[in-house]
Amino acid sequence: MIHSLFLINASGDIFLEKHWKSVVSRSVCDYFFEAQERATEPENVPPVIPTPHHYLISVLRHRIYFVAVIQSEVPPLFVIEFLHRVVDTFQDYFGVCTEAAIKDNVVVVYELLEEMLDNGFPLATESNILKELIKPPTILRTMVNTITGSTNVGEQLPTGQLSVVPWRRTGVKYTNNEAYFDVVEEIDAIIDKSGSTITAEIQGVIDACVKLTGMPDLTLSFMNPRLLDDVSFHPCVRFKRWEAERILSFIPPDGNFRLLSYHVSSQNLVAIPVYVKHNITFREGSSQGRFDLTLGPKQTMGKAVEAVLVSSQLPRGVLNANLNPSQGTYTFDPVTKLLTWDVGKINPQKLPNLKGTMNLQAGASKPDENPTINIQFKIQQMAISGLKVNRLDMYGEKYKPFKGIKYMTKAGKFQVRT
Amino acid sequence: MQEWANQLCENRQFGSKMTDSKYFTTTKKGEIFELKAELNSDKKEKKKEAVKKVIASMTVGKDVSALFPDVVNCMQTDNLELKKLVYLYLMNYAKSQPDMAIMAVNTFVKDCEDPNPLIRALAVRTMGCIRVDKITEYLCEPLRKCLKDEDPYVRKTAAVCVAKLHDINAQLVEDQGFLDTLKDLISDSNPMVVANAVAALSEIAESHPNSNLMDLNPQTINKLLTALNECTEWGQIFILDCLANYTPRDDRESQSICERVTPRLSHANSAVVLSAVKVLMKFMEMLPKDLDYYGTLLKKLAPPLVTLLSAEPELQYVALRNINLIVQRRPEILKHEMKVFFVKYNDPIYVKLEKLDIMIRLASQANIAQVLAELKEYATEVDVDFVRKAVRAIGRCAIKVEQSAERCVSTLLDLIQTKVNYVVQEAIVVIKDIFRKYPNKYESVIATLCENLDSLDEPEARAAMIWIVGEYAERIDNADELLESFLEGFHDESTQVQLQLLTAIVKLFLKKPTETQELVQQVLSLATQDSDNPDLRDRGYIYWRLLSTDPVAAKEVVLAEKPLISEETDLIEPTLLEELICHIGTLASVYHKPPSAFVEGSRGVQHKRLPGSTGSGESVESPDTGSAAGVSDAPPAVIPSQGDLLGDLLNLDLTPPATTGPPPPATSGLQMGAMDLLGGGLDSLMGDESEPVTTRRERPPIPLRTGTPQSPQTLQQSPSPPDYSPTELGGDLGGSSAMGAGFGAAPAAMPAPVSGGLDDLFDLGGGVGMPMGAFSPPKIVWLPAMKGKGLEISGTFARRAGVFQMELTLTNKAMSVMTDFAIQFNRNSFGIAPAGPLQVLTPLSPNQSIEVTLPLNTVGPVMKMEPLNNLQVAVKNNIDVFYFSCQYPISMLFVEDGKMERQVFLATWKDIPNDNESQFQIKDCHLSSDAASNKLQGSNIFTIAKRTVDGQDMLYQSMKLTNGIWVLAELRLQAGNPNYTVSLKCRAPEVSQCVFQSYEAVLKN
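Chains A and B, in that order, are what the protein sequence lines are. Residue numbers 1 to 418, in the UniProt record's numbering, belong to the letters of the first sequence in order. Residue numbers 1 to 1005, in the UniProt record's numbering, belong to the letters of the second sequence in order.
Mixed in with the good hints, there may be bad ones.
Unchecked claim - Rough simulated footprint, nothing fancy, chain B against chain A, three-plus residues with beta-carbon under 8 Å:
{"hint": "1", "stretch": "109–115"}
{"hint": "2", "stretch": "366–379"}
Said to hold, decoys possible - Label-pair ranges, simulated between beta-carbon atoms:
{"hint": "3", "chain 1": "B", "residue 1": "Ser444", "chain 2": "A", "residue 2": "Gly363", "range": "35 to 41 Å"}
{"hint": "4", "chain 1": "B", "residue 1": "Tyr422", "chain 2": "A", "residue 2": "Gly363", "range": "17 to 23 Å"}
{"hint": "5", "chain 1": "B", "residue 1": "Ala447", "chain 2": "A", "residue 2": "Gly412", "range": "42 to 48 Å"}
{"hint": "6", "chain 1": "A", "residue 1": "Arg63", "chain 2": "B", "residue 2": "Glu332", "range": "37 to 43 Å"}
{"hint": "7", "chain 1": "A", "residue 1": "Asp217", "chain 2": "B", "residue 2": "Lys299", "range": "28 to 34 Å"}
{"hint": "8", "chain 1": "B", "residue 1": "Ala373", "chain 2": "A", "residue 2": "Lys410", "range": "25 to 31 Å"}
Treat the hints as calculated values from the structure; they're not laboratory data. Just so you know, even glycine gets a beta-carbon here, dropped at the ideal spot from N, CA and C.
Construct the complete structure from the given sequences, taking the supplied hints into account.
Printed below as a string of structure tokens:
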């Protein structure tokens, strides 16, 4: 199982270590640093690194490497999933997961890590349970604790720990009972030079924020559940009911959680909400290149495309770019060669355009590679797959909750080749 | 380290006084002293603050062990947070201060009795983490109580504690009977307790592979499946991994387990999903393929695997490595999902490379256009490694999907036009492979390639280009100039290029002898006189002598037709693949190595194998359709029953066959097959002629080498260092075996074993003598004098110098002289027949005996016998006709050219259905693997490769029967263990039993 954990920051310092079995010398991280040196980009460090006596499994999040040390055969996915869970927990507790936040709360971090693993076996990873065991720090509580000398460690066994619904604690009380659901879909797509779609798929999630008193039992039904053929559920969802009736039936955890994630693959038709017209060329023998890019909406069901951000990694030979945006602002970083154009909202009457010249280094030859254009955008009030919630019902409690549902479509890895 | 910590603390901005960062600020000298004072303070609050500071120092890797007694003093408290902090400290430092740690024992024991289950659990948990012998003694009693605690939270914590204790002192755990208690917990009412018990047992079992801790039976499996639905995600992983070790009794049980595991595929935790995939992949093996459920299951597996690819890149990487295995085992699962493996430009490089690999594995005629368009796109990316691999992938596609070859070539030409240096070089390397696969098809592109000659600076690309120039010298007008230009810097080239240049110039000389005499002289002297590389020198001398003694032979050798390369590329060896499928989701699956090969501390991991199918529909499906037709064509009445045999024999024409002289060459399977159709009655034994015949006729294909990163320790690893020359030389010298085959009995039937290049060439001389050592059983009495009216016949079979013969001793125990001997055989399984008359020239006087050797051939009529190796013989003399039957060791029928090419072996092994595999034990044999291998080779059982895993030697062997049936074997033996295991795979599984008997006979002889 998991022996030890090291946290390493962007400059390569180990700023926290935790051992669940015997102590493993931090010199084991030298192998990690070697791999890091070999990798050109921070994200290219291989996730599994063998060393003579151990294996290092790492994830990179928030520019911190979480490096787990294992000695015997352990499923690597298990370790990676756990590491991500650690990061999520930190984020949940401290709002952000940064080196500073971790150092500011090092004792809580230590208590959390101790509570999450026992001898390398996961013990409590549900944020509900952890929060009962170790209260998250708030300014107020820290202040009160300092004055009164009380602690932020729960004295009682968390109620959810062993029940059949470990994700929910008992005795939840709210004055305003509310349940909000966000259907968020991300489109991953690769569009080729000519504008035709090479691959497109939708990664959707339904995130919930449920603040309901007692032990409510919810059912959520869809207008078109047939869309969902590849789904992953929160453990609270009753799988049999879904199999039989295509209805989500569950006792929700308290607070924020991801109810379900789903995947609509390229076999089904995935609508592409924006198109790009581009002309990025370099001429042989000339030190200038032309850049012309226009964005337009398509298949958006009349909804506005907002928060559009275009970025592109220009060829290494490009010295600077002299461009003129019809709206928004652009920046070009001459060191990383990254061009970003903050477009904002697309107005279908007046399409946004970015046009101008790029200058090559003197004497440099025509670049070989074609830059890929990365696009981010948001469309409110629409799920691009067409998924729609039919109704939400509550059983088991008497009160009338306030219910809300929101749809949003975003670009995931949306790439246009030129 | 101290320095570093100080620096860290000074450098960082001081955080708010309210946060823990204040603990980092007091790391000045003399700090320990200050802390000591604070720890001994009377005020609770101050104490707690001090402990927090100590913990903070600990987290940054500072040594605060000097404070041990002071911290332990704080342990006796009712403040839970303080207690936890002290426990944290204890776990870290108890080991370094064992005597001090004893001070804590009392508190632990007391806490184990606390009314609050949280505290009980905390105490037993912490105690287990203190790796001090003196403490563990005190741990036993509290642990025993906690294992039976009324609160499940305490029980599940205690279960893990047993694993901890076992790690410290295994004997103690066994003596105290904790293992049994742990096993009992598998039946606990609380699913979390079950999951933790399983996890603890699995961990203990890993260090004791033979302890049979996890006694899995249908009852426990049922309990585990029930707990699976209710426990946490982590518990589900433990339970699923445990389930994967179980072997269901039959396909029905297997199906019911699959049905209950399938819902896990929809879990949000990817580790749960992959563990479920492992269970399903393994148990699916047992399901009959015609079952509806089998198809449903296949369909259900694809979406979760695709979903894994939308997760974080680290998860994707592990998933992709596993999908690589799954795709090799069951390509049908993901054959429609090609697009999800398309590379996004900001994927991390490790994800990109894996995706590329899988794309090639999934490439087929249906999707090749898409794949090629993608690959071409990738070839213009920035990352050099990735671009190279993409270009190589295009070449692999061309070789894998024949219909796409043309398109691939034109894509490669486009890429060459880009003039990007590394793209051009990579493209030339793969084009050379395409030439080898499709000779005389795409040579029109040579002109384009030649244009880029000057830009090649990598050895592999240079070698490839030189090969092309040499191979097609007759079509390139200035081939001599081109090669001459390379010759200038001959000594600066790498060995690979030198070897290639030597061969290419010799080829050129043979094609255009008049103009290039000088050039060949030059290169031969460079290679033989000025070089100190033995490979190069040897090759130079061989060519030189060949050219000077017999230019015609040289031509035959150097310009021999080359074996085609095929796309087995980097397929994982089938047995290894099976084992890896059982380890999906583990480190083994990420590294594509068996777990025993690399995980430290796993002492003698048992090799897992996929279960075979028990379905009844299976056996019908396996043999080739050809044989089925053969059987059905023949009316059943033709098959003589045992009762008819006598009459059959009586009708035999007993006049000796007229043919004398050498026996005809070994028959091809094709002939046999024809006879089978005529005679009928022989089923699949003969039916598989298609495969062996093709391998014989058109030389075993040589797989294309590709530089795959994983390079698992499999059979296909080349023993010789230069990356590409050995196959090449083997190909060039392909005719050499024919040249040296004058001593072979049947020269035409010798398919040149192309594998080892030069080694083989030199081996030939020694190889021919080998049959002398063939095993031959001692003579036994076949026909006692009682039944033979005074004629006693004893005999045996032997294979000497490649000739199969019967050795007989005829003894006259009657009172009168015997004359006019003749012999005839009944139809038999392999068509064995006398190749000449029985040579008894002088009359046999009473009490005289005579030794006769009867050469045999295998062109006689065929009929399947029971047992297979039964031979019914009729002997006639002037007195009467006598009938008897005898059995010949099947090893007599193993022919001399039964050594399979490694890659062919791999492919064949994979190709033969698992049902055709049978396993046997050979007991009480005391040979080393080398001795065994030599012995077997004497009987034409050829060792193709040897692998050593865990002190266990695995010999991969092949043999070929006279009728063209190949038998593949894996012989496993372990030093010190007299019991060997032999697994046999053959398209005609009927022969396995006989082959095994021969194995035993040969090895024990």
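These are the hints, each one checked on the structure:
1. Under a criterion of three residues with beta carbons nearer than 8 Å to beta carbons of chain B, the stated coverage of the stretch 109–115 of chain A is upheld, 4 such residues being counted.
2. Only when three residues or more bring their CB closer than 8 Å to a CB of chain B does the claim for the stretch 366–379 of chain A stand; here the count is 5, and the claim holds.
3. Roughly 37 Å separates the CB atoms of Ser444(B) and Gly363(A), a value that falls within the hinted 35 to 41 Å.
4. The beta-carbon spacing between Tyr422(B) and Gly363(A), approximately 21 Å, falls within the hinted interval of 17 to 23 Å.
5. A hinted range of 42 to 48 Å holds for the C-beta pair Ala447(B) and Gly412(A), which are about 46 Å apart.
6. Between Arg63(A) and Glu332(B) the Cβ separation comes to about 42 Å, which falls inside the hinted range of 37 to 43 Å.
7. A hinted range of 28 to 34 Å for the beta carbons of Asp217(A) and Lys299(B) is consistent with their spacing of about 32 Å.
8. A hinted range of 25 to 31 Å holds for the C-beta pair Ala373(B) and Lys410(A), which are about 28 Å apart.
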